[in-house]
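As given, the protein sequences belong to chains X and C, one line each in that order. Using the working numbering, the first residue of the first sequence is number 4, and each one after it goes up by one. Using the working numbering, the first residue of the second sequence is number 211, and each one after it goes up by one.
Just so you know, not all the hints are guaranteed correct.
Okay, the calculated beta carbon distance ranges per label pair [as the list claims (entries may be wrong)]:
| no. | chain 1 | residue 1 | chain 2 | residue 2 | range |
| --- | --- | --- | --- | --- | --- |
| 1 | C | Q383 | X | Y212 | 54 to 62 Å |
| 2 | C | V265 | X | L186 | 21 to 29 Å |
| 3 | C | A237 | X | T87 | 45 to 53 Å |
| 4 | C | I240 | X | L205 | 42 to 50 Å |
| 5 | C | T380 | X | L71 | 48 to 56 Å |
Hints in this document: simulated from the structure, not taken from any laboratory. C-beta: ideal position from N, C-alpha, C; glycine also.
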Amino acid sequence: MATVAERPQPAPAPSREVERRRRRRRSALRRQLVALAFMSPWIIGFSLFYVYPMAASLYFSFTHYDILSEPTWVGLDNYRFMFTADAQFWPSVRNTMWIIVFLVPLQVIFAVGSAIVLTRVKRGLSIYRTIFFLPTMVPLVAAAVAWVFLLNPAGPVNRLLGLLHLPEPLWFYDPGWTKPGLLLLGLWMVGQTMILFLAALLDVPRQLYEAADLEGAGPWQRFRHVTLPMISPVIFFSVVIGVIHGFQYFTEAFVVSSSGDATGLDHPIGYPQDSLLFFTSHLYQQGFEGFHMGYAAALSWVMFLVIMVCTLFLIRGSRRWVHYQGGFR
Amino acid sequence: MARRPVPPAIRRRRLLLSIANHSVAIALSIAFLVPFVFILATALMTNQQALTARVWPDPFRWSNFSEVFRAFPFVRYTFNTVTYAVLATVGVVLSSVPVAYALSRLRWRGRQGAFMLVLATLMLPPQVTVVPLYVIFVRLGWIGSLKPLIIPLFFGDAFSIFLLRQFFMTIPQELSDAARVDGASDLQILTRVIVPLAKPAIAAVALFQFLYSWNDFFNPLLYAGNNPDSWTLAVALTQLTTLSRGVLWNLQMAGALLFTIPVLIIFFFAQKVFVEGVTLTGVKG
Chain X
4 MATVAERPQP APAPSREVER RRRRRRSALR RQLVALAFMS PWIIGFSLFY
54 VYPMAASLYF SFTHYDILSE PTWVGLDNYR FMFTADAQFW PSVRNTMWII
104 VFLVPLQVIF AVGSAIVLTR VKRGLSIYRT IFFLPTMVPL VAAAVAWVFL
154 LNPAGPVNRL LGLLHLPEPL WFYDPGWTKP GLLLLGLWMV GQTMILFLAA
204 LLDVPRQLYE AADLEGAGPW QRFRHVTLPM ISPVIFFSVV IGVIHGFQYF
254 TEAFVVSSSG DATGLDHPIG YPQDSLLFFT SHLYQQGFEG FHMGYAAALS
304 WVMFLVIMVC TLFLIRGSRR WVHYQGGFR
Chain C
211 MARRPVPPAI RRRRLLLSIA NHSVAIALSI AFLVPFVFIL ATALMTNQQA
261 LTARVWPDPF RWSNFSEVFR AFPFVRYTFN TVTYAVLATV GVVLSSVPVA
311 YALSRLRWRG RQGAFMLVLA TLMLPPQVTV VPLYVIFVRL GWIGSLKPLI
361 IPLFFGDAFS IFLLRQFFMT IPQELSDAAR VDGASDLQIL TRVIVPLAKP
411 AIAAVALFQF LYSWNDFFNP LLYAGNNPDS WTLAVALTQL TTLSRGVLWN
461 LQMAGALLFT IPVLIIFFFA QKVFVEGVTL TGVKG
């Protein structure tokens with residue numbers, strides 16, 4: 004019908020011109036309505052589960068609110084309490100920073116290392132790759148429960164250490180060893196990141212290595228000046244995702260703390276001695292065990308802002324060391 | 211390149227290098243596999259043996275796997291987990307496909323803006339909205355049930371919308387135009403033209419959502435944790451010690467394996483779907 008309407012006519016009667024315009028407007032409106040109908044699940048979901056909650060949580064963060072009674076406005080009290088009076092806030096920040104500072108780089112290094120090993124074996128690659136990837140498929144809770152067993156003071160890991168005459172730490176029962184225990188779990192589950200690096204390494208053009216060989220570069224120089232720049236976008240991606248996940252670190256720590264010991268007692272969040280109290284654990288405890296909803300909302304906004312600032316910081320810094328092959332940036 | 215016989219010195223060097231590479235690969239493989247060996251061995255032991263240093267199960271107690279179902283309401287937990295994972299998957303697919311269609315195949319005002327908002331929600335840490343959402347679900351009386359986990363997913367999921375939209379963009383516009391000329395409505399174009407062509411992407415979205423819900427811990431803990439009848443396997447696994455008033459390593463490991471095995475089976479059968487989905491998003495992971 005559009006083709007009929009647009010056929011050039013010698014002298015369009017004014018009424019026809021109006022008719023045509025009206026019809027076009029009506030079809031545009033129809034299109035808009037059809038699109039909105041298709042969009043409707045998301046429009047409802049976005050308003051109910053994003054727009055309203057974000058506005059509400061910002062408002063709650065300036066109130067005292069325990070669900071049972073109406074929220075009461077307290078201004079900046081929650082934020083003041085957080086930074087100056089909450090005895091658990093700074094320990095939770097310190098633990099979160101610890102996990103980010105150690106786990107993220109170690110995971111990247113370990114993932115790159117294992118991926119390089121995979122590029123160098125010719126036969127059996129697919130078997131090795133499956134084995135390296137297998138732990139990633141284990142549901143996080145199952146993996147954490149399994150590592151509580153593996154690292155129990157009389158467990159398999161300590162027996163191996165005993166055979167080698169190495170010290171046998173108490174792992175998840177010694178506040179100084181809980182986070183290193185979680186590092187082992189994190190490294191065991193590195194498969195997903197490793198697969199990304201494997202793909203990136205296999206993408207490095209052969210000619211670059213050949214050129215480096217011609218220039219007389221040794222293995223280290225080849226890695227430093229060819230491999231590393233070529234995989235730097237994937238390193239950057241892994242670091243950003245790792246840092247964002249690091250701020251939200253929760254499940255592993257919660258499972259380890261709460262899985263209890265021989266007496267079957269349920270331990271508090273962060274056990275032992277708050278050594279596994281992370282930012283999100285703290286938020287969970289304040290909001291959903293203590294029902295300090297206002298304070299929990301304030302914690303969530305601080306976390307959101309810190310994640311945004313860190314991400315922007317990483318993106319800015321990346322311009323100096325991330326090499327995009329397209330030459331862009 | 212002509213093949214010339216390789217001099218023995220170089221051949222020997224290559225052999226040594228290959229042995230060295232395989233040694234490292236095997237050592238790493240052992241490091242990744244040893245935990246599985248201990249978990250499986252312990253799952254087959256008596257509880258007395260699980261507390262000793264002996265690694266080889268003696269006697270083999272295959273009955274541990276059925277014992278888990280007898281000692282704990284594991285049937286209930288499995289049922290809840292399957293309910294959550296299946297309904298969440300259905301909800302995400304049903305709601306995200308039309309949204310992705312509107313964002314990729316229809317021309318309308320505000321499309322770019324809506325797409326940016328979808329991406330923005332993808333980046334938003336879930337903690338920011340969790341407090342008011344909890345309050346909403348308290349008001350609705352949904353806490354302690356699986357409803358807060360499932361019903362929101364019938365209103366679109368940002369990651370799935372993004373992945374489907376990327377795939378829909380690659381389907382030639384002429385196919386839709388041809389169907390339109392034949393008088394098909396947009397709903398018919400979506401169900402008869404786009405969906406059949408987009409099966410791999412829809413399969414990937416369904417698979418990712420199923421695994422996400424199966425593994426999910428935070429949401430079931432938060433919304434269903436106070437009611438043991440609504441626990442999923444993920445929540446129940448962390449409570450076995452408390453439930454049995456003491457450590458039963460053998461049953462805990464058997465339970466962890468029972469929880470893991472469906473995921474491994476799905477992975478081995480759906481590897482292709484998995485890889486296609488990953489390459490599709492371009493974000494990988």
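Consistency of the hints with the structure:
1. Taking 54 to 62 Å as the suggested C-beta distance range, the pair C:Q383 and X:Y212 does not conform, at roughly 42 Å.
2. Evaluation of the 21 to 29 Å hint for C:V265 and X:L186 yields a pass: the beta carbon distance comes to about 25 Å.
3. Remark: the range hint 45 to 53 Å for C:A237 to X:T87 is upheld by a beta-carbon distance near 51 Å.
4. The beta-carbon spacing between C:I240 and X:L205, approximately 24 Å, falls outside the hinted interval of 42 to 50 Å.
5. The hint said 48 to 56 Å for the Cβ distance between C:T380 and X:L71, and at roughly 52 Å that hint holds.
In this structure, the hints that do not hold are numbers 1 and 4, in rising order.
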